[in-house]
Amino acid sequence: MRLVRVQIPEFRALKNVDITFEPDFYPQVFPLGSLNGGGKSTLLQLIFVLLNIEPSLSSASYLTDSHFKNLLLDLIDKSIKAEELRSLATITLSHKDKELTLYYFYGDFDSTTSGYHQTYLREIQEGNFYPYFSYKENDKTRFKVLADNESNTQQLDHEAFHTLLSDIKKYIFLISPSNQSYIFATQEERRLPYMSDGEKNHNQTLKRLKDSFPNFFTYDFIDVLTEIFRLARDKDYNERLKTGVYGTHSEQLEKSINNLFIDGKKITPLTIDQKRHTKDSIQSMGFKLPSGEEIYPEDLSHGELKRLTIFILFQYYEIQDAIILMDEIENAFHPDWQRHIVDDLLAWGPSNQYILATHSYELCRGVTPAHVKEIYPKLPFEPEQQL
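The sequence shown runs 56 to 442 under the numbering used here.
Label pairs and their computed distance ranges (CB to CB):
no.	residue 1	residue 2	range
1	196	295	50 to 60 Å
2	290	138	56 to 66 Å
3	350	132	47 to 57 Å
4	391	429	19 to 29 Å
5	386	314	21 to 31 Å
6	263	389	27 to 37 Å
7	133	246	22 to 32 Å
Hints listed in this document are in silico derivations from the structure and should not be mistaken for laboratory results.
For each residue, glycine too, the CB sits at the ideal point set by N, CA and C.
Go ahead and model the full structure; you've got the sequences and the hints to work with.
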């Protein structure tokens, strides 16, 4: 799956965004830059939210209580007052050499004056749009997602097309810092990272969001790493049940992780109930220095922990042929490591496409200038007023 083009006429700080991610470019790594507050994080989150809409998902379960719903309802109210049908976004994807475009409309679907409405009616009548998702209030449609394919949808097996649309969410991943405010959280949850006593509740929020969106990850370390080793240990144990010989998944995982460190640190799973005839229950993770001294994850640098987490996500969750949206990947990395981010991603997940919201010049040096995409924020004043 590839993200080919995204168009956002207006959403929060995003104004007249039209960005193409060329599917024939190599590598498929696209740094995304803007000024602070220019909308990089918002764009990644909006793409993630919109591509998680699926035909079988009820409007109530999808939009209830999220900040995105509040933002959308504000836009809908404005467009209804203006008797207009407006475009929230247009997203073009490529999958198995076929292009698929999703159109997100909101507002007054009974309007007869809107330019978007005329396009909407014409394409519906000609059978070029496939009805994908509708959100209603007071029995009136207010938000609708439509889709078309480079082939005429009337010629397609609509059941197969519906299945393709439902599968999109499997190919879209969002990885970002845990202290971000997310538009798919509630407004109250978005305030928690900035409250002195909000850390515990914010962690609960992140858990809820990850349960709701399985392809949403943060750069947190302990829970991911411990779980990965549990999975590896389970695979080894299951192989013993089938063949009588323990598997080597844990050993291979340890070897791969140890290769990430440049100073001889080696990872050590700390287990309880260590009996060869049972599945070891992994309690925590530790490391050993070349001297033999044991250290713990909190003794590693922030950058080491983050690099380790990213490696594990790609390697052990077996993320392939996916669109990976990553926010602030360079944070906590030394410039030398920032310079090698592109090489790392290609080594750990070569079949994926990466959209990286970043301020890192060193990261951008890892690709050609044509790979680097920019969001141009709308200036609050005329250029001559800057003088």
